[in-house]
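Undergrad: Now for the letters of each chain:
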Amino acid sequence: MHLSPDGLIRLTVDQLLSTPLEHLVSGVDPEAHVVPAACGTQTSLSGYTEWISTRDPTISIGWDWRLQTLACGVRWVRVGLPRSNLMLTQDTGADSSWHGNLEILGTIVDALAWREILPQVVAARYA
Amino acid sequence: MNTWQGDLLGMADTACTVGEVFEKITHASLALGFEFCAYGLRLPTPISNPRTMMLSNYPLAWQTRYASQGYLAVDPTVAHGRHSQSPLVWSQVAFAATPELWDESQSFGLRYGWAQSSLDAVGVGGMLSLARSSDALSESELATQEVKMRWLVNISHLALSRLFVSELVKESQPDLTSREIEVLKWTADGKSSSEIADLLSISENTVNFHIKNSVAKLRTANRTAAVVRAAMLGLLN
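Chains as they are written, first to last, in the working numbering: chain D, 1 to 127; chain B, 1 to 237.
Honestly, the hints are just simulated from the structure, not real lab data.
Do not take every clue at face value.
To be verified - Label-pair distances were calculated between CB atoms; the ranges are:
#1 Leu-60(B) with Gly-27(D): 25 to 33 Å
#2 Leu-60(B) with Tyr-126(D): 51 to 59 Å
#3 Pro-50(B) with Tyr-48(D): 30 to 38 Å
#4 Gly-27(D) with Ala-79(B): 31 to 39 Å
#5 Asp-103(B) with Tyr-126(D): 44 to 52 Å
#6 Asp-6(D) with Gly-10(B): 24 to 32 Å
#7 Thr-52(B) with Arg-115(D): 38 to 46 Å
#8 Gln-68(D) with Gly-10(B): 29 to 37 Å
#9 Arg-115(D) with Leu-60(B): 49 to 57 Å
#10 Val-77(D) with Leu-200(B): 28 to 36 Å
#11 Arg-219(B) with Glu-22(D): 46 to 54 Å
#12 Gln-15(D) with Thr-206(B): 36 to 44 Å
#13 Arg-115(D) with Ala-143(B): 15 to 23 Å
#14 Gln-15(D) with Ser-140(B): 42 to 50 Å
Each residue gets a CB set at the ideal place from its N, CA and C atoms; glycine is no exception.
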């Protein structure tokens with residue numbers, strides 16, 4: 001794992017899945033606070049989060065999320081593609097396309113335990 | 001040499017059968033240290049009896065026993081997966097309410113296991129179980145391997161749900177017009193045809209025309225079933 005001259009860190013999916021990532025920061029979108037509350041109105045909550053590696057060079061992956069209301073409760077879902085300084089390489093060693101890179105990163109983001117910790121993190125920050 | 005991750009990602013670019021996808025999942029499970037794996041997929045419709053699909057390389061005798069005893073209905077890992085997408089490590093405690101299921105699965109070599117469910121935007125639920133006959137899952141193994149196992153859950157769900165759901169979504173998604181969706185949304189909110197007509201400044205006959213078309217396009221029996229199906233397919237979001 002090294003920082004390339006173009007500013008991107010190149011590594012394989014296996015290397016990324018083997019790299020410990022930890023939560024750096026999360027926040028709630030400010031728009032959520034200005035929506036006037038009304039009786040019977042469904043709560044809308046969205047925000048962002050960023051996770052980083054604990055080793056140098058620092059990998060950064062950030063993404064947006066929203067709280068989705070289901071009949072059986074709520075769940076936290078990723079919105080759109082992540083943002084990152086990573087370029088995932090294929091088994092051949094070639095770069096993925098940038099969009100393909102972000103799509104694969106999305107599947108890895110969905111495998112991180114961010115849904116488990118986000119409720120506590122957000123609650124602690126805005127308590 | 002291709003990695004198991006590369007093999008799984010390659011499924012997105014090639015037309016695979018269900019059998020080919022499951023073979024790759026089995027290969028990935030083995031690479032993660034589990035000789036057994038099973039994947040269950042549950043489609044959101046029909047509501048009264050959702051379609052389910054099970055893939056497994058468990059011993060055939062155990063698959064038969066599991067089905068004949070109706071263990072799916074009482075399996076605590078399945079129950080956990082229905083309300084939580086956090087992983088569950090198999091344990092005697094987790095199976096406390098079904099000791100016969102625990103004892104029997106142990107006798108078939110399914111001694112140590114891990115399971116996680118997934119749920120996508122169109123309401124398709126899935127669950128991957130990984131199991132082996134020896135070596136309990138340690139804290140250190142989970143610390144280094146669990147992200148890979150969770151990723152396998154996601155990729156498996158994406159690949160298999162695409163195969164099963166594409167037809168389901170294709171049946172209805174492209175055909176509904178924005179007006180039909182709008183009318184269905186108001187119907188979902190409990191509005192009558194005449195109320196929707198007032199809200200949209202169109203005639204009641206036109207509202208009923210849109211509802212009738214939606215019912216036909218969604219292949220449902222009536223407006224209530226059409227609203228439920230459209231909602232579960234995520235068309236009303």
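Undergrad: All hints, please: hold or fail.
TA: Going down the list of hints, with the structure as the test:
1. Leu-60(B) with Gly-27(D): 25 to 33 Å: violated (52 Å)
2. Leu-60(B) with Tyr-126(D): 51 to 59 Å: 53 Å Cβ-Cβ, so the 51 to 59 Å window holds.
3. Pro-50(B) with Tyr-48(D): 30 to 38 Å: Roughly 35 Å apart at Cβ, these two residues keep to the hinted range, so it holds.
4. Gly-27(D) with Ala-79(B): 31 to 39 Å: Hint holds: Cβ distance 35 Å, inside 31 to 39 Å.
5. Asp-103(B) with Tyr-126(D): 44 to 52 Å: holds (48 Å)
6. Asp-6(D) with Gly-10(B): 24 to 32 Å: holds (26 Å)
7. Thr-52(B) with Arg-115(D): 38 to 46 Å: Hint violated: Cβ distance 25 Å, outside 38 to 46 Å.
8. Gln-68(D) with Gly-10(B): 29 to 37 Å: With Cβ atoms ~30 Å apart, the hint holds.
9. Arg-115(D) with Leu-60(B): 49 to 57 Å: violated (36 Å)
10. Val-77(D) with Leu-200(B): 28 to 36 Å: Hint holds: Cβ distance 30 Å, inside 28 to 36 Å.
11. Arg-219(B) with Glu-22(D): 46 to 54 Å: holds (48 Å)
12. Gln-15(D) with Thr-206(B): 36 to 44 Å: violated (58 Å)
13. Arg-115(D) with Ala-143(B): 15 to 23 Å: With a Cβ separation near 18 Å, Arg-115(D) and Ala-143(B) satisfy 15 to 23 Å, so the hint holds.
14. Gln-15(D) with Ser-140(B): 42 to 50 Å: violated (19 Å)
Checked against the numbered hints given earlier, the structure breaks hints 1, 7, 9, 12 and 14 and satisfies all the rest.
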